[in-house]
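Student: Sequences listed follow chains L and X, in order.
Residue numbering for the first sequence follows the numbering used here, beginning at 1 and increasing consecutively.
Residue numbering for the second sequence follows the numbering used here, beginning at 1 and increasing consecutively.
If you're looking for bench data, these hints aren't it; they were derived computationally from the structure.
Owing to the predicted nature of the structure, the values given are computational and were not obtained by experimental measurement.
Be aware that one or more of the hints could be misleading.
[What the hints assert, rightly or not] One-sided excerpt, in silico: chain X residues whose CB lies under 7 Å from chain L:
1. MET272
2. PRO275
3. HIS276
4. LEU279
5. VAL281
6. PRO290
7. ILE294
8. LEU295
We put the CB at the ideal spot given by N, CA and C, even for glycine.
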Amino acid sequence: MPPKPYGAIHFRLEDDLAGYAAFMRDRFGVQTNFALMAGTRDLEACAARTTELYVAVGLDAVSNMEDKALLLAKKGPFDTTLVFKEGDIARRFGADAASSVGAIVDTEILADAAYYVGYAGLSTFDRTLVDIRATRDQYDARMATPENCTFTVGKNRQRGVIEVRADLPAGKVWMRHFQSLP
Amino acid sequence: MRALVIALVVATSAGFPKHYDASRPDAAPNPFDAPRPGDGPAAAAGNPVVYGAGAAAARTHAERVALRRRAWKENRTRTHDARAQTHAESSTCYAKNYPDLFYHFCRKGCNVDGLHTHFPNHGRKEGRQFGCVIITAAEKARWAAQAARLEALDSRSHHTHGGAILGIGGGPRNHMLGGPGAGLNNAKDGFFALCQRGRNISYPTLMWNARVPNTPPFPSIPHETLWDVDHWNAYVAKHGGLPYLVADKPTSIVGTPRFANRLWLNMFRGPMQNPHGSLKVAHFHRALRPHPLIL
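Given only the sequences and the hints, what does the whole structure look like? Please build it.
Tutor: In structure tokens form, the structure reads like this:
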């Protein structure tokens, strides 16, 4: 686990869903994500004291060479260094459990991050992270609100989204800073 | 008016006795009290009905009726007990004849009703015989092999319990690969759904599907491999509102509910829209801590 404070991002880039055309169309590449992050003012404020960006991704399963090269370069937005989970943590539980164990490790790290960027519209993993971060410090009955610095990227139309970037390779994409639950 | 009432009372008490009283000197003899062949000596005074060995002492109609009623009750009880004993004996014999039934129904005392129900529902069709009959050694050996199979299966798996869910996520191949049931968080959502419904998860019930299954059978992971069950139970004991988990090692998916991506709409999202639901989600995530070996 990287030393706090650190930023975190979840990339759904693994090729285990290859063959699902819709999924492949909707996902973002690394470059688009980083460009969106760099252009988001709220996120810049959240990342002010962070030097490391934890990337939740199954690096071994990323088959897109462009994405993989960007990740291996270990350079993130806001002059951060990319860090990944140690492969041994997951592998020592066996091949069957490796992906689930990896997901658990990612969940714990992303929940504790100073800022978090996911794709809640695409991945239930990201959507759960929003819930976890919203209720992490809740010990009494009250309406949950997402912790500050919880972001999601998105594509095409979405209600309540202000910052839309049309100049990126993926088309009309946006970054949303959660102030309430989606 | 007062005089009329007094006259009526006097007339009633004097001329219309309320019931037959044999002690009255003017009472007519009861024709049913006539002695019958086989009657013994008269009952002692103050103890008009003699039971048991003195049954023959009944002399009056009331005595005979009381004796017959008593005998009928005793016979009824005796018959009922005998029938119940037969029922239990036959069921036990049925189990003893068939080792697989004995293994299934008689490990902690025989489930007599279960055995009795088994025969009409299954046993007859399977060619079994109910009751204390003698079956051939070959037939017994055949069912012994079935018992061995059951025992081997149990050593690798666990018994199903009412209300228990065995396996979350997984399912058909298209569901595993990006379909509605795929992914660790869908499994987690499904687990939360059980908590919301107040399911009694008295036995280990959860398995988490692996992400990248290539060929069936799909790999699955017992929940206690991934999550700290002791922490979960300690947290539940302290905060309540969630079911307990018990460590076990399930190895096969018995029933696979289909949990879709829309789960969070019904499970997490719904509760998150009210204060108490939000608190429950918070408790759920705090109780679900990774296994110590993971972190």
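Student: Of all the hints numbered above, which does this structure not satisfy? Sort the numbers upward.
Tutor: Violated hints: none at all, because every hint is consistent with the structure.
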